[in-house]
Structure formats: structure tokens, C-alpha cells
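Peer 1: Here is what each chain is made of, one letter per residue.
Number of protein chains: 2
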Amino acid sequence: MNKASRLFCPALITPKNAVVKQTEQLSRSQKLLTDLGLIKSGSNGTYQIMPMAQRSVDKFINLVQSNMQLAGGQKIALPVLTPTGLWKKTGRLEGDISEFYMVRDRSGKQFLMSPTHEEAVTAMLATTSPISYRQLPLRLYQIGPKFRDELKTRFGLMRAKEFLMKDMYSFDVSEETARETYSVVSAAYDRLFKQLDVPFVKVNAATGMMGGSVSHEYHYVSPVGEDTLLQCSSCGFAGNSEVLETDPQSTACCPSCKSSDLKEVRGVEVAHTFLLGDRYSKPLGATFLNTSGKPQSLVMGCYGIGITRVIAAALEVLSSDQELHWPRLLAPYDVCLIGPKQGSKEQPAAEVIENELLQTIGDICGHEELLHDDRKDLTIGKRLLEGKRLGHPLTIVVGAKSVQQDSPRLEVHLSNGEKLELDLSEALNLVAEHNHHKKVLLNGRFIRENDESISRSVGHQL
Amino acid sequence: MNKASRLFCPALITPKNAVVKQTEQLSRSQKLLTDLGLIKSGSNGTYQIMPMAQRSVDKFINLVQSNMQLAGGQKIALPVLTPTGLWKKTGRLEGDISEFYMVRDRSGKQFLMSPTHEEAVTAMLATTSPISYRQLPLRLYQIGPKFRDELKTRFGLMRAKEFLMKDMYSFDVSEETARETYSVVSAAYDRLFKQLDVPFVKVNAATGMMGGSVSHEYHYVSPVGEDTLLQCSSCGFAGNSEVLETDPQSTACCPSCKSSDLKEVRGVEVAHTFLLGDRYSKPLGATFLNTSGKPQSLVMGCYGIGITRVIAAALEVLSSDQELHWPRLLAPYDVCLIGPKQGSKEQPAAEVIENELLQTIGDICGHEELLHDDRKDLTIGKRLLEGKRLGHPLTIVVGAKSVQQDSPRLEVHLSNGEKLELDLSEALNLVAEHNHHKKVLLNGRFIRENDESISRSVGHQL
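In order, the protein sequences belong to chains A and B.
Counting in this note's numbering, the first sequence runs from 1 upward without gaps.
Counting in this note's numbering, the second sequence runs from 1 upward without gaps.
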């Protein structure tokens, strides 16, 4: 049972007459997450994830994992420490290295606190027993912390010095099959971003320091984005202006439909896919045995999703200045139930209903998904305000109206601001509907309307 | 569907006439995990976790989490980087710091790649809005990588420079309530180690560099252990000899039953609990507001479990020189199904049974828990040998005997070496029994024999 009275959610309390010095540029999501006690600024651009935000992170990790498994991914874990020697071999220590954290061990050997793992995973494959063409394609992914000593950290989890990434690396026999892998993983990304139900833009991207030939970025459109995208109002085409500018034609009219209706928007890059070719396998000697038994360079791809960044950027897009709004599948809790105030005259009767609801709602949406705001020393109004700011998809109030003789009513608040007054069974129906909606999102277009197993399961839970 | 043909399991292949130079002390578990392709030595004492071992890690993480939740734990995530300044305040940089990885950021500020997070979590609490006594006890935990620049890494995952830890920190109003928390978390640890079903020894321990007053260690008994434990053959009492030696009496006779039947065994420390008092809260100023509204130092405890070390040490205890044996709840897969060899005369008929079993076994134990060894170019014997070395709880062979006219039989191999010949429904019953056993382990003593819901669910799945 999740009780609000026990939840560690260290809200920032600013005294009313305090003069707040604004030293850093704050984004909406960062301000809300910090003020409400979901994240806490650590030291110099690192962040501490508090329990409620951690629930969202864990939900997203599960969602990402199930999509990676569907795309044939196998989960592994590579060390944070990568020997710098490997990065010398690929030439990635020759450019600007000011963003790398480097550390020496007691023997003097130097390591990177890895900002990414192309070298590490490629070197790992280069030192296993020879891989046969029959074992390919191979798609390995991991989820773990990455490190970048940013000159300017910004917007909380959106650009922090430590962040959580999902990174997948693919290995194929040829450019052709690597493109197939690229399609499969891209489809998994498309599905994932549709499940999140936050409008996203997928653009052709520059390959940059990664190298390789083909690359796409997934962006959330927001004024705090660091990239400039050009979007065609006619056909929906979008591109990173960085890429389009190499061809002056394409900034004047849409490369896809030739319309001149291009407008500039700002995007937060939340995911990135690359076809790498032999950019890493060649210098590091990662080969497979081809059909003639001869070693041949592996053809690689890499695929990243910024776990903590997706959450922050989605909140940035969906939230208002006053209230968090979560992607439905990432809300820390599905339902918040607020009980009567201590000492109110309805308390005894309302508590009977409250206890019944704790059971029945928990049975519908899962007891882990129900937050019981049991802080009865606080007024309903105060708790409701907090619940709305936290953005629970459904907040249900058991107050004075719930014990009316003639027609007992529950107040139900939706995260879109709607307020309903429902009787008990209507309220439970709404919880079931919301739960169904979650499953529909999860199953995306793969679900049929009136899918029997789902109707059955919802029906059963009611 | 998990197919062995797609599983990345880079076994070490040593040419028959190779002279292997043994430069490092290897343990049984490390040798098997490496040879079979479950882990791979990274660089200088770090390890890469390959997909099959990662499944075990993820299972253990889930098990640990459910026990931490039951003990009132709330999950958070703290950065890997902790400012060294915090460690100066607690005096922990004054001793031997040769095991710490230290790194400077671009501004010259120094950080530890945290080997543990007492300072970080305490400083976090010291800088939140004042906590009221009403919000306590508070139990925060995380699961993430830790770093220790060991002089001598040993036995693979058992003592590596990077390792995965679960660390919980508790905060109480008084020594008395902190002891209650200590009991609650200790009970969760006891339950967890019983679920793992590997014999463990719990001993009084020295508090060492952590400080504090009360401390216990959980050990797996193994010749490769680094600690010497004294165990009483009469009453079962055990203590770390490091602690007992401070009292010469206690090494001569058992402090509990006074028997002189003490014997020395070697233990691998897999978990550790500490009552810390105000060892960290005082120097870092982490307080709560007491009933009179006055700030008072928080009373702390900390509780660690070496995630990767538990797995390695459990395998060390259970395995033979030739075969891995897993704690039942941590086996990467529950069942391995081996189909007929390509081109054998039974192939067509056996494949009908194979396909049926893929469905029915998956329905019983969960499709995620079934590994299908579909490498039909390999003989059954070769695949069976590998399956036995990998230690699957159940390996089921669909071979020539399965298509016998009179009495078709499946060969079923258990991880204890037993080999059975069963008909189809007997084999399915065995899978269901094994699945039931897993649930019993999971529910420990809290389950009643003949528990109805479980019989029903097993019955249903059959």
C-alpha cells in the first residue's frame, strides 16, 4: 500500500518573503520536479532521483526493455570504465575531449567514465571466439549511467552531467542486412514513442562524432530545445536544420513535397539512431567468419534513448506552469485517493467508503498503482491542490458529498483539469476505462478495437 | 521466444593443444561463467555481463526490490559522482584512500566514483526542507554500480573493481526506533537469503570504516572466502573471527552455548547491515524536527547487498567443477527444450511434439522462462552437455524415444544430475511441480501448504 504520509517527496519550501536569486536558466519541468520534490539538484549538474520520479524511470525502463526485446535485443551490462586506449584506436580522443571525465587507476592506467560504449562493445566482440555469419544479426543493449562533463548543464535532467541511457549496438554481415536491422530497431523506436503518446518529430540527422552514413533523431518540440528543426506545414516532413543547411535549396522549400511552407521549431533530441558501418569494427578488429570462413569486418549500428531526458522533455511538453502532466504510461501512480479530513463530521461514514475504494480500485488498477493520500491532518483542499500539481491521471476525493443520504457522490479530478461528480460504480467504471486506455496505449495499433481478451479482463476486474 | 541459436553466449574455445598460462587465481564459478560465455573479463578487474548472466542479475534485482519494498523501502537514485568535500567532512578521506577512484571535473572540483553513498544520501537529507519526526522512519534504497580500485581483484564478480550493489539507508528519530528499523530490514535480509535457498551464515561483525555500533554480516561458506568465521557445531552460533578475537575467551569456547566445538570456516561476505547512529548525520548536519520543533540529529542505519557478488558466490557454493548450479530463483531460464537433430529419421514426427511442448511448457512456466535449443545442426548429445553445464533446472529432450510407437518417452535431465524418462503428461506435471516449488521458495514460510490459490493456478495452467 502506497501511503502519501510515508512517501519521501521533499518539496522545496520557499519562505513567502524570500528573495530568490535566479542564477541558472530553469525549465518548466525542472522547476516543477524540483519544487514538488521529485528530483533534487546534486552537485554541479548531477541530479538525485527521488522515489516518485524513480517510479516513472522504472516504468520507462520496462517499456523500453519490452520494445528492445521485441526488436531482438539481448540485454548486457558493460563497465562504466572504458580504457582510453580503445578510444585512441578509433581516433575519438583526437578532437575536443573537454567533456570527458578521465580517471587513472592505481597502476596509472587511464579510463573514461564512458559517455557512450561503441569502443567497449566493439572491443568486447573483437576478443571473443570468432563469430560465425550464422549467429548474426546480433543486437545487444544495456541501460546504465553515462557521463559527460558539460560546459553548461541545463534544464535539470535534460542536460545533466550524469544521465541514464539505453544504448543498443547491432552487428551485421553486410550493409544490406545492417539496413534491415536499422529498420527493425527504428520501428521499435517509432512504436515506443507512439506508446508514450507525446507528439514527436523524427528527422534526418548529421552523423557527427559518431561517424557512419545514415542517422535519425527523435525530437520533442519545445522552446527549450537546443536543436533547430525545419518542419513542413504541408506534408509533415521535418529535418534538422544543421543537416538541411548543407543544401541551401532544402531550407527554401520542402525536400519532400517542394512546398515553401517550412517553419522553424526548436527540438529536444530524445533518441538517436546511427548506421555506423565499419567505423568502429575496422580499427578495433571486430570481425566475423563469412560463408567462406574468412574474417570480415562487422557492420554496425547504434541506437540511443536518453531515459531520464525523455521523461524530463515529455513533462516539459505536456505540463503547464503550475501542474505536471505525465505521459499516461509514465505517471508515477495511476490513481490518487484522498480520504476525509480528521475530525470532520463525515469522517466515520466516509472512511467506510474510503476503505472499500482502496480495495476495489486497487483490484482494478493494481495496488502498486494506487497512492492513498492518508494525511488526514491536512484539509482535502490542500491535498487536492498537491495531487493536481503532481499530475495524477485520476484523483478521487472521498469527502462530505460521498456520505450524502440521497445521492452520494465522489469528486473525480482528471489531469486535464476536468472535474466530475460520480457515484461509486461510475467512479469504478472510470478507473477501469483509464486502465483499459493504458493497455490500448501499450498495445498500440496492434490491438483490435473490441479486443476480446481485454474486454474480458476489464470486465473481470470490474 | 528464446532461441539458443540467437543467444549471445560467447563461450571460450581453447584449442586442444594450447598451453594455458595461469596468471590469476581463478575460482570455480568464475571459470565456468567465463568458459560458458556468461561473463567476460573487461579490463583490469572489471567484468562484462553477457545476456544469460544478465537475466540472472535482473531476476535477483527484482527479488531484492520486492523485499526492500516489503521492509518499507523507497527506491531512489543517487549520482555515481560524490564531491570529495563531503567525505572530508566525515573524515573518511583521512585513512587509506588508495582504493578510491577520484576524478576532477572541468572546473577542478574533485569527486569520488562512489564506493558507497552514506555521505551523499546524508548530505541530500541535510539540504531538504526540514523533516518532521512524523515523517520518520525513512528507508531509502538504490541499486547501481559502485567502484573500488582494489589492489587485488579476485574470483571474477566476487571482487571486481566495478560491481552492482543494493544499498539502503535508514533514518530514525532515536537509537531505539533505529533498532526497530534494523530488525525490520534484517528480517527482510533473512527472508531474501532463505528465498535464495543457499546455506548462509549470519555473524556479528566489526563496524570497521563505516563506524556505528551494531553490525551483522551474511556469508556464504566457501574455501575462496576472504573472511575466517568461527562456527559452533553444537548450537550453530557463528561469528567473524576478527570480532571474536578481541575476546580471547570466545575463540576457546562458543559465546552462546559454551561448547568448545568451534570450527573455522571461510566465508564470502555477501551482505552487511550497520547501525550507524549519528556517525554521518552529525558531521553533515542532517537533522529532523523533534516533537518540540527543535532540530535533532537523525539516527541512521545502512544495509548493503552485493548483487553481482551474491550470484557469483552462490554459484561458487552450489556448482561442481564441471557444471553450474543456480539458486532456483536465479536460474537464467527455468526450462531448456532440446529438439531433434536435423536429418534424423525421427525429425518430422519429433518436431510435432516439440512444437506442442513449446506451447504447453511456455504456458506453464512462462514463455520468457523457456529456452528453446533449436540448433538442429548440433547433435542432441552436444546440446545436452552444454545444457547440463549451464545448469538449467530442467532440460527436456525430444529425441528418438519421443516418437516410439508403443510408449513415447521424453528424456528429462534435472540439475542435480538425475535423469528421468517420462511420458508427455508426466513431463508437463514435472514442469508444473518445479514451477510450484519456485513459488513456494518465493513465498517462503508465509505460504501455507495446500495453499488454494496456488493449487488453483497450477491446476489451471495444466
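By construction, these hints were calculated from the structure, which means they are not laboratory data.
All C-beta atoms in this analysis are idealised placements derived from N, C-alpha and C, irrespective of residue type, glycine included.
Warning: the hint list may mix true and false statements.
[Said to hold, decoys possible] For lysine-lysine, the following DSSO-like pairs were computed, each having C-alpha atoms within a straight-line distance of at most 30 Å: (1) K59/A x K3/B; (2) K341/B x K75/A; (3) K31/A x K75/A; (4) K3/A x K59/B; (5) K294/B x K3/A; (6) K294/A x K438/B; (7) K75/A x K376/B; (8) K439/A x K152/B; (9) K388/B x K439/A; (10) K438/B x K59/A; (11) K3/A x K75/B; (12) K59/B x K438/A; (13) K152/A x K439/B; (14) K376/B x K152/A; (15) K59/B x K59/A; (16) K75/A x K89/B; (17) K40/B x K109/A; (18) K439/A x K438/B; (19) K294/B x K75/A; (20) K439/A x K59/B; (21) K109/A x K31/B; (22) K75/A x K40/B; (23) K439/B x K438/A; (24) K75/A x K59/B; (25) K294/B x K382/A.
[Unchecked claim] Incomplete in silico selection of chain A near chain B, CB under 8 Å: (26) S43; (27) A77; (28) K109; (29) Q110; (30) M124; (31) L358.
Peer 1: Indicate, hint by hint, whether the structure satisfies it.
Peer 2: Hint check:
1. Pair hint K59/A plus K3/B holds up; C-alpha atoms about 27 Å apart against a cutoff of 30 Å.
2. Under the criterion of a C-alpha separation no larger than 30 Å, the hint pairing K341/B with K75/A is consistent with the structure, at around 29 Å.
3. As the CA atoms of K31/A and K75/A are separated by approximately 34 Å, the hinted pair breaks the 30 Å bound.
4. A threshold of 30 Å between alpha carbons decides the hint, and for K3/A with K59/B the separation of about 27 Å falls inside it, so the pair holds.
5. Using a Cα cut-off of 30 Å, the hinted pair K294/B and K3/A holds, with the two alpha carbons roughly 26 Å apart.
6. Using a Cα cut-off of 30 Å, the hinted pair K294/A and K438/B is violated, with the two alpha carbons roughly 46 Å apart.
7. A hinted pair counts as satisfied when its Cα atoms are at most 30 Å apart, and K75/A with K376/B qualifies at roughly 25 Å.
8. As the CA atoms of K439/A and K152/B are separated by approximately 51 Å, the hinted pair breaks the 30 Å bound.
9. A distance of roughly 40 Å separates the Cα atoms of K388/B and K439/A; the hinted pair therefore is violated under the 30 Å criterion.
10. As the CA atoms of K438/B and K59/A are separated by approximately 26 Å, the hinted pair is consistent with the 30 Å bound.
11. Taking the CA atoms of K3/A and K75/B, the gap is about 15 Å. The hint holds against a cut of 30 Å.
12. With a C-alpha separation of about 26 Å, the suggested pair K59/B and K438/A falls inside the 30 Å cut-off, and the hint holds.
13. A C-alpha spacing of about 51 Å is found between K152/A and K439/B, which places the hinted pair above 30 Å, so the restraint is violated.
14. Simply put, K376/B and K152/A have alpha-carbon atoms about 56 Å apart, too far for the 30 Å limit, and the pair is violated.
15. For a cut-off of 30 Å, the pair hint linking K59/B to K59/A stands: about 16 Å separates their Cα positions.
16. Between K75/A and K89/B the CA atoms are separated by roughly 40 Å; this puts the pair beyond 30 Å, and the hint is violated.
17. Distance restraint check for K40/B and K109/A: the Cα-Cα separation of roughly 20 Å lies within the 30 Å cut-off, and the hinted pair is therefore satisfied.
18. Proximity of K439/A to K438/B is assessed by CA-CA distance (about 29 Å); at most 30 Å being required, the pair is judged to hold.
19. Between K294/B and K75/A, the direct Cα distance comes to roughly 50 Å. Violation of the 30 Å bound is thereby established for this hinted pair.
20. A distance of roughly 24 Å separates the Cα atoms of K439/A and K59/B; the hinted pair therefore holds under the 30 Å criterion.
21. The straight-line distance between the Cα atoms of K109/A and K31/B is roughly 26 Å, inside the 30 Å bound, and the hint therefore holds.
22. Distance restraint check for K75/A and K40/B: the Cα-Cα separation of roughly 14 Å lies within the 30 Å cut-off, and the hinted pair is therefore satisfied.
23. With a CA separation close to 29 Å, the supplied pair K439/B and K438/A stays within the 30 Å bound.
24. Distance restraint check for K75/A and K59/B: the Cα-Cα separation of roughly 13 Å lies within the 30 Å cut-off, and the hinted pair is therefore satisfied.
25. Under the criterion of a C-alpha separation no larger than 30 Å, the hint pairing K294/B with K382/A is consistent with the structure, at around 25 Å.
26. Here the hint on S43/A is kept, as its CB sits about 5 Å from the closest CB of chain B, short of 8 Å.
27. For A77/A, the suggested interface contact is upheld, since its CB lies about 4 Å from the closest CB of chain B, less than 8 Å.
28. The restraint placing K109/A at the interface with chain B holds, with a minimum CB-CB distance near 6 Å, inside the 8 Å limit.
29. Because the beta carbon of Q110/A sits about 11 Å from the nearest beta carbon in chain B, more than 8 Å, this interface hint is broken.
30. Using the Cβ-Cβ criterion of 8 Å, the hint placing M124/A at the interface with chain B is satisfied: the shortest such distance is roughly 6 Å.
31. With its C-beta approaching chain B no nearer than about 18 Å, L358/A sits outside the 8 Å limit, and its interface hint is violated.
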